[in-house]
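Asker: Sequence:
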Amino acid sequence: MRSFEDLDCWKKAAELRRKISILVKAFPTEEKYRLVDQMIRCSRSTPAQIAEGYGRFHFQENIQYCRQGRGSIYELLDHLICAKEEKYITEEVLKEYRNEIQECLAVLNGYIDYLKKAKESKVEEPLAAFETAND
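Quick note, the sequence shown lines up with residues 0 to 134 if you use numbering that gives the first Met the number 0.
Where hints are given, some of them may not hold.
To be verified - Cut-off 27 Å, straight-line C-alpha distance, at most; resulting in silico cross-link-like pairs (DSSO-like, lysine-lysine):
| hint | residue 1 | residue 2 |
| --- | --- | --- |
| 1 | K18 | K115 |
| 2 | K86 | K31 |
| 3 | K83 | K18 |
| 4 | K31 | K116 |
| 5 | K10 | K94 |
| 6 | K94 | K83 |
| 7 | K118 | K24 |
| 8 | K24 | K116 |
| 9 | K31 | K83 |
| 10 | K24 | K83 |
| 11 | K118 | K10 |
| 12 | K31 | K94 |
| 13 | K31 | K18 |
| 14 | K86 | K18 |
| 15 | K121 | K18 |
| 16 | K10 | K24 |
| 17 | K10 | K116 |
Stated by the list, open to error - Just the calculated beta-carbon pair ranges, DEER-fashion:
| hint | residue 1 | residue 2 | range |
| --- | --- | --- | --- |
| 18 | Y73 | D5 | 19 to 27 Å |
| 19 | Q101 | R33 | 46 to 54 Å |
| 20 | T28 | D7 | 20 to 28 Å |
| 21 | D36 | R97 | 16 to 24 Å |
| 22 | K118 | T28 | 44 to 52 Å |
| 23 | K18 | K121 | 15 to 23 Å |
| 24 | D7 | K121 | 36 to 44 Å |
| 25 | K24 | E84 | 37 to 45 Å |
Think of the hints as simulated: they come from the structure by calculation, not from any bench. Backbone N, C-alpha and C define an ideal beta-carbon position, used for all residues, glycine too.
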């Protein structure tokens, strides 16, 4: 791996970010600086946190940034629930996004677990070891 863009967790988070950007375009204009803004911010935060953690080169810092990104995914889920309550999305749409979020969390949690194990075993090159483990 040569870039955070190669990480499956970043790819999943980036895909979720793109889908949210499309979804919120159908929301009422009065939500532009309220719910829409919050949903876009937290959907952008997750891949950004993964990228920033990747650039830190220390396992614990990388783990912390990934955890912050995980928190943003949960925040996004809360905003989606709110959007459903406000009738901007249907129960079916919420269910679809809930599934996407669960997949994103599973991959991100896997990466966090890998980082924890690598930290404990004191692997010197975290990304080379991760690449080998996923081959």
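Asker: All hints are to be evaluated individually against the structure, with a verdict given for each.
Answerer: Comparing the hints with the structure gives:
1. K18 - K115: violated, 30 Å
2. K86 - K31: Judged against 27 Å, a Cα distance of about 16 Å means the pair holds.
3. K83 - K18: Between K83 and K18 the Cα gap is close to 16 Å, so the pair holds against 27 Å.
4. K31 - K116: It is violated: about 42 Å lies between the C-alpha atoms, which goes past 27 Å.
5. K10 - K94: Given pair K10, K94 holds - Cα atoms ~21 Å apart, limit 27 Å.
6. K94 - K83: OK: K94 and K83 at ~10 Å, within 27 Å.
7. K118 - K24: Since the Cα atoms of K118 and K24 sit roughly 42 Å apart, the hinted pair is violated (cutoff 27 Å).
8. K24 - K116: violated, 41 Å
9. K31 - K83: Holds - the C-alpha atoms of K83 and K31 are around 16 Å apart, at most 27 Å.
10. K24 - K83: holds, 15 Å
11. K118 - K10: The hint holds at about 23 Å.
12. K31 - K94: Roughly 23 Å between the alpha carbons, so the hint for K31 and K94 holds.
13. K31 - K18: holds, 17 Å
14. K86 - K18: holds, 18 Å
15. K121 - K18: It is violated: about 37 Å lies between the C-alpha atoms, which goes past 27 Å.
16. K10 - K24: The given pair, whose Cα atoms are some 22 Å apart, holds under the 27 Å limit.
17. K10 - K116: holds, 22 Å
18. Y73 - D5: 19 to 27 Å: holds, 25 Å
19. Q101 - R33: 46 to 54 Å: Violated, since Q101 and R33 (Cβ atoms, about 26 Å apart) do not stay within the stated range.
20. T28 - D7: 20 to 28 Å: violated, 36 Å
21. D36 - R97: 16 to 24 Å: Since the Cβ atoms of D36 and R97 sit about 21 Å apart, the hinted range of 16 to 24 Å holds.
22. K118 - T28: 44 to 52 Å: holds, 47 Å
23. K18 - K121: 15 to 23 Å: Since the Cβ atoms of K18 and K121 sit about 38 Å apart, the hinted range of 15 to 23 Å is violated.
24. D7 - K121: 36 to 44 Å: For K121 against D7, whose Cβ atoms are near 24 Å apart, the range 36 to 44 Å is violated.
25. K24 - E84: 37 to 45 Å: violated, 20 Å
Against the hints set out earlier in the document, violations occur for numbers 1, 4, 7, 8, 15, 19, 20, 23, 24 and 25.
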